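Chain by chain, the residues run as shown.
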Amino acid sequence: MFRYFFLLCSLFLITGCQKQERRRDLDDLNSIKKDFLFSILEGKVEESPFQMRYVLKTVFFSQDVISLFGEVLIYDHLPHATFRYEGKTLCRIKGRLTEIKIWDLFSTEAQREYLRKYCENSLKGNANAYFSGANPLRERLEYSDIHTFVINDEFLVVIFQPYTVGGLEDGPWEVKIPYEYLKGQWSFTNPFPALLDKTISSKSYTSSWDQENYAEKI
Amino acid sequence: MVFISSEEGPPNAGSKVYTVHYFDEKGNMTIRSGGSKAWRNNNPGNMVYIPRGYAVRHGAIGKAGGMAVFPTEEIGRKALTDLLKSSNYNNLKITEFPEKYDKDNAKEYRRMILSISKLDPNTCIKDLKPKEYNQFQEAIERIEGWEAGEEDFIEKWYISGVCKKEGVITEYLINKKGKDVWIAKEDALNLANEGRLHATIVHLKNGTIFLRPEYGSSFYRIA
Numbered sequence: 000m001f002r003y004f005f006l007l008c009s010l011f012l013i014t015g016c017q018k019q020e021r022r023r024d025l026d027d028l029n030s031i032k033k034d035f036l037f038s039i040l041e042g043k044v045e046e047s048p049f050q051m052r053y054v055l056k057t058v059f060f061s062q063d064v065i066s067l068f069g070e071v072l073i074y075d076h077l078p079h080a081t082f083r084y085e086g087k088t089l090c091r092i093k094g095r096l097t098e099i100k101i102w103d104l105f106s107t108e109a110q111r112e113y114l115r116k117y118c119e120n121s122l123k124g125n126a127n128a129y130f131s132g133a134n135p136l137r138e139r140l141e142y143s144d145i146h147t148f149v150i151n152d153e154f155l156v157v158i159f160q161p162y163t164v165g166g167l168e169d170g171p172w173e174v175k176i177p178y179e180y181l182k183g184q185w186s187f188t189n190p191f192p193a194l195l196d197k198t199i200s201s202k203s204y205t206s207s208w209d210q211e212n213y214a215e216k217i
Numbered sequence: 000m001v002f003i004s005s006e007e008g009p010p011n012a013g014s015k016v017y018t019v020h021y022f023d024e025k026g027n028m029t030i031r032s033g034g035s036k037a038w039r040n041n042n043p044g045n046m047v048y049i050p051r052g053y054a055v056r057h058g059a060i061g062k063a064g065g066m067a068v069f070p071t072e073e074i075g076r077k078a079l080t081d082l083l084k085s086s087n088y089n090n091l092k093i094t095e096f097p098e099k100y101d102k103d104n105a106k107e108y109r110r111m112i113l114s115i116s117k118l119d120p121n122t123c124i125k126d127l128k129p130k131e132y133n134q135f136q137e138a139i140e141r142i143e144g145w146e147a148g149e150e151d152f153i154e155k156w157y158i159s160g161v162c163k164k165e166g167v168i169t170e171y172l173i174n175k176k177g178k179d180v181w182i183a184k185e186d187a188l189n190l191a192n193e194g195r196l197h198a199t200i201v202h203l204k205n206g207t208i209f210l211r212p213e214y215g216s217s218f219y220r221i222a
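Respectively, the protein sequence lines represent chains H and Y. All residue numbers in the first sequence are consecutive under numbering that gives the first Met the number 0, ending with 217. All residue numbers in the second sequence are consecutive under numbering that gives the first Met the number 0, ending with 222.
The hints are simulated quantities; they were obtained by calculation from the structure and are not laboratory data. One thing to keep in mind: the hints can contain errors.
[To be verified] Pairs of lysine-lysine residues, derived as DSS-like cross-links and limited to a Cα-Cα distance of at most 30 Å, are as follows:
{"hint": "1", "chain 1": "Y", "residue 1": "128", "chain 2": "H", "residue 2": "43"}
{"hint": "2", "chain 1": "H", "residue 1": "32", "chain 2": "Y", "residue 2": "178"}
{"hint": "3", "chain 1": "Y", "residue 1": "25", "chain 2": "Y", "residue 2": "178"}
{"hint": "4", "chain 1": "Y", "residue 1": "102", "chain 2": "Y", "residue 2": "84"}
{"hint": "5", "chain 1": "H", "residue 1": "197", "chain 2": "H", "residue 2": "175"}
{"hint": "6", "chain 1": "Y", "residue 1": "128", "chain 2": "H", "residue 2": "33"}
{"hint": "7", "chain 1": "Y", "residue 1": "15", "chain 2": "H", "residue 2": "202"}
[What the hints assert, rightly or not] If you want the footprint, here are the derived chain Y segments under chain H, 3+ residues with CB under 8 Å:
{"hint": "8", "segment": "33 to 45"}
{"hint": "9", "segment": "52 to 58"}
{"hint": "10", "segment": "77 to 89"}
{"hint": "11", "segment": "98 to 111"}
Note that the structure is a prediction, hence the values are computed from the model and not measured. Don't be surprised by glycine CBs; every beta carbon is placed ideally from N, CA and C.
Can you make the complete structure from the sequences, with help from the hints?
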C-alpha cells in the first residue's frame with residue numbers, strides 16, 4: 000500500500016501535480032511516457048507485462064535530403080498495444096534543413112486530388128482495407144487522412160495511422176507511389192522534387208524502407 | 000476437428016505476412032495465410048498474448064504475430080465479449096469506449112464505431128440491449144479487420160509398415176488418406192523431420208538413423 004502511495008506521489012511530482020492529456024504528437028515523448036506510467040499504476044497483473052517503445056530511424060539519408068520514420072508502441076492494458084507513426088522529411092534549402100510537409104509537395108487542387116485519388120484507388124485494391132469488399136466501411140479517403148509520409152529512393156510512401164484505412168496489421172498501412180508516377184503531378188515550385196532527383200542520381204545516399212522492419216512483436 | 004495448439008509459421012513465398020499453424024489432436028496441421036491478422040489468429044479483438052494471461056485463461060492455444068491464437072472464431076469472440084463486459088469497459092459510454100480501448104487512436108476509432116454501429120454515443124455498454132450489444136461488438140470486429148485468407152490442411156501420416164532388405168529398412172509404407180504408398184527411407188526421414196509423420200527419428204551412435212513408431216503405436220507390417 001505504502002509502495003503505491005510512494006509511486007503515486009513521485010509521479011505527481013514528476014508531472015507537476017497534474018495529469019496531462021496525452022498529445023498525439025510524438026514530439027512530446029515525455030508526456031506520453033508520463034501517461035504510460037500513470038496507466039500502468041491502474042494495471043492488472045493478468046494484463047502485464049506492460050511496455051512502451053519508441054523507434055526513430057532514417058529511411059533515407061543523404062547530405063541534402065533526410066527522411067525519418069518514427070513509431071511508438073504502448074501496451075498498458077488489454078486488448079492490445081496502441082501504435083502511432085510519424086514521418087519527418089527534411090530537405091536542405093539555401094543551406095538550411097527544412098521540414099517538408101506532404102501538402103507542400105502537392106500544393107494545387109489538382110495535385111492534391113491526384114494524391115488522394117491515387118491512395119484511395121490503391122487501398123480499394125487491398126482486400127483488407129476499409130475501402131474494399133461488397134460492403135466497404137469507407138467510400139472516400141479524405142485529405143485529412145493523408146499527412147504522414149517518408150521517402151526512399153524509389154517511392155513516396157504515404158503512411159496511414161491505425162484505423163483510418165484498415166484494421167490492425169503488422170506495421171503501418173502504406174501506399175507506395177513510384178516517382179515516375181509523380182512526374183508532372185507534384186509541385187514544380189517546391190525545390191524538393193528536383194533536389195531528390197539530383198540526390199538519387201548522385202547515388203550518394205542510403206535508403207532502407209522495408210515493411211519487414213515493422214513486423215514488430217509486442 | 001479440434002485445435003489444441005498453434006504456432007507462428009514463416010510467410011509464404013512472395014509474402015511478408017506470417018502464417019499461423021494450427022494443430023489438432025492427431026497432429027494434423029492447418030495453415031492459415033493471407034487475410035487479416037484477426038482472421039489468421041481466430042482473434043476478432045486482436046487480443047494480445049501473455050503467458051498465463053487473460054487470453055490464455057479464455058482459451059488461447061498459442062501466439063502468432065504477438066497476438067493470441069484461439070482455436071475457433073467463437074472462442075476468440077467470447078474472449079472479447081468477456082473483456083467488454085468486464086468492469087474495465089462495462090460502465091463506459093459508447094463515445095468513451097475508444098478512449099479506453101485504443102486511446103492513441105481514439106478519434107479514428109470513435110468515427111468508425113459510431114458510423115458502423117449507428118448506436119447512441121451516450122448509451123452505456125452495460126445498458127445495451129442484446130441486439131445493440133451485437134451491433135457494438137460486430138462494429139469492433141469490423142474495425143479490427145476480419146478478412147478470410149487461404150486455409151491449407153496438411154495431414155500427419157501414419158507409417159503402417161516397413162520394407163527390409165538384408166535386415167536394413169529401405170522403405171516405409173505410409174497411409175495417406177486411407178491409401179498405402181511405399182516411400183524411400185530418406186523421404187520418410189525428411190517427412191518426419193518436418194513433423195508430417197507419426198514417428199520418432201532415432202540417431203544411433205554408429206551414425207545409423209531410423210524411424211521408430213510413436214509411443215503407443217507400432218509398424219504392423221514388415222515386407
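Status of each hint after checking the structure:
1. Y:128 with H:43: 29 Å, holds
2. H:32 with Y:178: Violated: residue 32 of chain H and residue 178 of chain Y sit about 62 Å apart, past 30 Å.
3. Y:25 with Y:178: 18 Å, holds
4. Y:102 with Y:84: Cα-Cα ~19 Å, so holds.
5. H:197 with H:175: Holds: residue 197 of chain H and residue 175 of chain H sit about 20 Å apart, inside 30 Å.
6. Y:128 with H:33: 38 Å, violated
7. Y:15 with H:202: It holds: about 28 Å lies between the C-alpha atoms, which stays within 30 Å.
8. 33 to 45: With 6 residues closer than 8 Å to chain H, the segment 33 to 45 of chain Y meets the three-residue bar; holds.
9. 52 to 58: Since 3 is at least three, the answer is holds.
10. 77 to 89: Check passed, 3 qualifying residues.
11. 98 to 111: holds (count 9)
In this structure, the hints that do not hold are numbers 2 and 6, in rising order.
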